[in-house]
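Novice: Chains as they are written, first to last, in this note's numbering: chain A, 1 to 316; chain B, 1001 to 1523.
Hint data in this document are derived by calculation from the structure and do not stem from the laboratory.
Some hints could be false.
[As the list claims (entries may be wrong)] Here are some of the chain A residues that sit facing chain B, going by a computed Cβ distance under 8 Å:
#1 His-66
#2 Arg-175
#3 Arg-177
#4 Leu-178
#5 Leu-180
#6 Ala-184
#7 Glu-187
#8 His-188
#9 Ala-191
#10 Thr-194
#11 Ala-195
#12 Gly-196
#13 Pro-313
What you are looking at is a predicted structure, and each value in this text was computed from that prediction instead of being measured.
Beta carbons: idealized from backbone N, C-alpha and C, even for Gly.
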Amino acid sequence: MSAIGDILHLLITANLWQATLAAAILLLLPALGGTISERSGVVNIAMEGMMLTGAFFGVAADLAWHNPWLATGVAMLAGALMAMVHAVVSIQFRADQIVSGIAINIFAAGLTVFLINRIYGLQDVGHVDQSALLPNINVPGLDQIPFLGKVFFQQNVIVYVALVLLVLTHLVLFRTRLGLRIRAVGEHPQAADTAGINVFAIRYGAVVTSGLLSGLSGAFLAIGISNTFVPNMTDGRGYIALAAMIFGKWTPFGAFVACLIFGLGQAIYDNNSIIHISPYLLSMLPYLLTLIVLAGLVGRSIPPAADGLPYVPGSE
Amino acid sequence: MNEQAGLAVEMRGITKQFPGVLANNEVDFSVRRGEIHALVGENGAGKSTLMNILYGLVHPDSGEILINGKTVQIAGPRDAIGLGIGMVHQHFMLIPVFSVGENIMLGREPATGPDFYDRARARKAIAELTKRYGLALDPDARMGDLPVGLQQRAEIVKVLYRGADILILDEPTGVLTPQESKDLFAVLRDLVKGGKTIIFISHKLKEVLEISDRITVMRRGKVVGHLITKDTNEEEIATLMVGRAVLLRVDKSPAKPGGVALAVENLTANSDQSVPALKGASFELRYGEILGIAGVEGNGQSELMEVLAGTRRATGGQVLLAGRDITTMDANTERDAGVAFIPEDRRGTGLVLSFSIAENSILGRERTPTFSWRHFVLNLIAIRNWALKLVKEFDIRTPSIEVAVRNLSGGNQQKVIVAREIGTNPKVLLAAQPTRGVDIGAIEFIHRQIVRERDNGAAVLLVSAELDEVRSLSDRVAVMYEGRIVSIEPPDTPEERLGLLMTGGGSSPSMGRRPAGPEGLEA
Chain A
1 MSAIGDILHL LITANLWQAT LAAAILLLLP ALGGTISERS GVVNIAMEGM MLTGAFFGVA
61 ADLAWHNPWL ATGVAMLAGA LMAMVHAVVS IQFRADQIVS GIAINIFAAG LTVFLINRIY
121 GLQDVGHVDQ SALLPNINVP GLDQIPFLGK VFFQQNVIVY VALVLLVLTH LVLFRTRLGL
181 RIRAVGEHPQ AADTAGINVF AIRYGAVVTS GLLSGLSGAF LAIGISNTFV PNMTDGRGYI
241 ALAAMIFGKW TPFGAFVACL IFGLGQAIYD NNSIIHISPY LLSMLPYLLT LIVLAGLVGR
301 SIPPAADGLP YVPGSE
Chain B
1001 MNEQAGLAVE MRGITKQFPG VLANNEVDFS VRRGEIHALV GENGAGKSTL MNILYGLVHP
1061 DSGEILINGK TVQIAGPRDA IGLGIGMVHQ HFMLIPVFSV GENIMLGREP ATGPDFYDRA
1121 RARKAIAELT KRYGLALDPD ARMGDLPVGL QQRAEIVKVL YRGADILILD EPTGVLTPQE
1181 SKDLFAVLRD LVKGGKTIIF ISHKLKEVLE ISDRITVMRR GKVVGHLITK DTNEEEIATL
1241 MVGRAVLLRV DKSPAKPGGV ALAVENLTAN SDQSVPALKG ASFELRYGEI LGIAGVEGNG
1301 QSELMEVLAG TRRATGGQVL LAGRDITTMD ANTERDAGVA FIPEDRRGTG LVLSFSIAEN
1361 SILGRERTPT FSWRHFVLNL IAIRNWALKL VKEFDIRTPS IEVAVRNLSG GNQQKVIVAR
1421 EIGTNPKVLL AAQPTRGVDI GAIEFIHRQI VRERDNGAAV LLVSAELDEV RSLSDRVAVM
1481 YEGRIVSIEP PDTPEERLGL LMTGGGSSPS MGRRPAGPEG LEA
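Hey, can you work out the whole structure from these sequences and the hints?
Specialist: Listed below in C-alpha cells is the structure:
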C-alpha cells in the first residue's frame, strides 16, 4: 500500500519527469537510427554495440582533448564505423542481418574492454572534468515555468538536439523525396531499382545514419549523463531502443512514445530510494516492459515488406 | 542492316552465361519503330534475360545494343530510362502500401523546397498523362487496393511518365481477365498510334497472333525464328518454340459420366484474412468427367479446393463423397478416402523444395504400409522403386531421384506433383492451376494425364486462371463469381459469355438465388 502511495507521490514530482525525458532521449536516438535503417530494408539490432563503441570513443576523445563537441563527433564516427561493418556484411555480402548485428554487439563489448586495458590499464579509464562534459542548458525564461520548465527546458543539450532530430526524421521519412525512396527500397527494392533508384546507396546511407545516431546516444550517456566509461555501460539500451522501434511501428513519433514509457520505468528505478520496493524488482521494470512489447501485447506491427532481405539485382 | 534507320532496337550477338546455363547464345533481335513485336518462347528460353539486358538489369558477356541506330551502353535501369526504354514487369514493380501517385512518380518525383515531395504537381502530371492516353486512374488510391488490371495500368502510366518510347511488356496478360486483356490491347494499339514501339513477351499464342506485327521465337537461349504475324499460325509458332510438333488442342473423347462422386451443398468458408470467401457454393461432380471452374482469381476457387482437400475448414454447408459426409475431414483422411490434390502453389504447398524427388513423391503417403513399417520406419527400397517408376512414367527430366526438387525446372516440379497425386489412382482428383508457369510441352503432357485419369473413371475438378485451359479440358464449365457457382456452361461456350459471367454479368443470378445451369444439375 505504501509502495503504491510512494509511486503516486513520485509521479507528481517534476524531477521524475525530467529524468524520464532524459532517459527516453537516450533510447530515442538509437530507435530513430533503427527506424531509418529498417525502413530501408536492413534489419539492425546492432544499436547496442554502436552505442557502446560511441560511448567509449567519446570518453577517450574527451579525456584527450577536453572538448565535448569534438568528442561527440568522434563518438558518432565510431558508431558509424561499426554501422559500416554491418552495412558491408549485410548489404554487400548478403549475410544474415541478425547474425551480423549480434556479432557487432559482442565485438563492441569485447573491443571496448580490450581498449580500456590497452590504453588505460586495468578497468579504470578515469573521469572527464565537469567542464568537458556535454552541458545542461536552461532555456532562459521558459525554464521558470512551473513543473514544465523543469521537465522540458532544464535539460542536456543533446535532449534538445534529439527532439529536433525526431521532427527532422519524421519529415524526411514521410514528406521528402529521399524518404519516399528510402521507404520504397525497404518495401520493394526491385521496384525501386527499376525506377532508377540506387538501392545500395540508400541502404548504406540509412545504416550509417543509424550508426551516427547510436554513437550520438553513446556520447550522451558517457559524457552527458555520466562522466566516465565503464564496461557494458549501455546496459541493453540498444535492445530497448529496438523494442521501442517495433512498438512505434517503425515511425519516429511512435518510437518516441515507446521511449517515454521505457524512460519512465528507468526514472522510477533511478529514484527508487524513496520507494519501498526492492530496487532489484524495480530494475526489472524497463526490461519487463520491453519483453511485454516484444511479445506482441501491444498489437501486431508490420515491418517494411523487404526488411531483412538482401537485394540481389535482377532477381524477382 | 539497310533498314537501320527504321529500327528502334537492335541487339547483335548477345551472349549471357549464367552458372550452368547459357541463357542467351549469340542472340540477334531487332524491333522496328512503331510496331508491336512479340517475343515468344518457353520458360527458360532466354526471353526475360534478353529483355533484362535491354533494360540494364543484367549485363551481357558480349554483344552490342543499338537504340535508334546508335550504339549504346546500358549499365542500369537509369541508362535504359534515359534512352526511352520502359519495362512493365511480369511481377509488378509496385509498392502496395504506397499511393498510385507515389508509385508512378518514384525515382522522378517532383520536389519543392529543400526536398519535399510535391503532391500537387505529381497529381497534375498524372492527370495530364492519363488524359492524353485515356488511362483513368486515381492518384490518391492505395495501390494494394486496386484490381490487377488497374495496377497494370499504373505500371504503364509509370513507364510513360518516364518518357518511354519503347515499352517492354513481360507476360502482361498472365494476371488479367479476358475483358482486362481486351482493354489492354486497345491501350497498346493507341500507344502505337501515338508513336510508341512495343515489345510484347508472351507464351499465349492466340494473343500474340492478335496483337503483334512481327514475332521473334526463342528456344534454349537462341533465336529460332523470325515470323511475320499475318503469315503464320499457332501451330508454326508452337513447333518452333518446342522444337517438335505440339498438339495444342486437348485430344479427348466425349465424357462418359457415371454416378455422383462429390456433392457440394451450400459450402461456405473464410479466406486467410478471415473474411467469407466461399459464400454458398453448390455443384455436383460425377465420376468420369472433368468439371472446370472458370473465374477471376480470388473469387473463392482457392478456398473451395482447399476445403475439398481438407486443408481448410468449412464454416458451413456439406460435402458428400459418394454419399459419405467428408466436410470436416482433414487432409490425411481425405487422402485415405481417395481424394488427390494438386495445389495451386506448387513451391509453397505442393513440394518441399529441399527434399529429393523420391521424398517428395511420397509426401502425404509416408505412413501408408507401402512406404513404411508400422508407420514408423521408412521403407527406402519401396520408396526408391516408386519414385523411379513415377520418373519414368511421367517423363520427369532429372539426372536422378535424389536431386532436390528445388533444382528442377517449373514444369518438372509440377510433373512430380502430378505424378504423386495421379500415381495412386485416386477416385477424385482436385487440380488447381495444374499447368501454371509450365512449358507448352509439359502442359500437353499434364493435360493428357488428367484426361487419362478421367477415362479411367476418376472425377476431376479443375481450377484454372487460363480460360483456354478450362474450355479445352473440361466436359462442363462451372463459372465462379464472388464465392458462388453462378452458372454451369458447356465447354464450347463463347469466351465473351464466360468472361461476362466471371465478372458478375450475363445471366448470373443475383444474390441468394440458387444457381441452375442449362444442363440441369439437380438430379
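Novice: Does each hint hold? Answer for all of them.
Specialist: We went through each hint and held it up to the structure:
1. His-66: violated, 36 Å
2. Arg-175: holds, 5 Å
3. Arg-177: holds, 5 Å
4. Leu-178: holds, 6 Å
5. Leu-180: holds, 6 Å
6. Ala-184: Interface hint status for A/Ala-184: holds (5 Å vs cutoff 8 Å).
7. Glu-187: Hint holds; A/Glu-187 Cβ to chain B Cβ min 5 Å, cut 8 Å.
8. His-188: holds, 5 Å
9. Ala-191: holds, 4 Å
10. Thr-194: holds, 5 Å
11. Ala-195: holds, 3 Å
12. Gly-196: Check passed: Cβ of A/Gly-196 comes within 4 Å of chain B, closer than 8 Å.
13. Pro-313: Holds, because the Cβ-Cβ distance from A/Pro-313 to chain B comes to roughly 7 Å (cut-off 8 Å).
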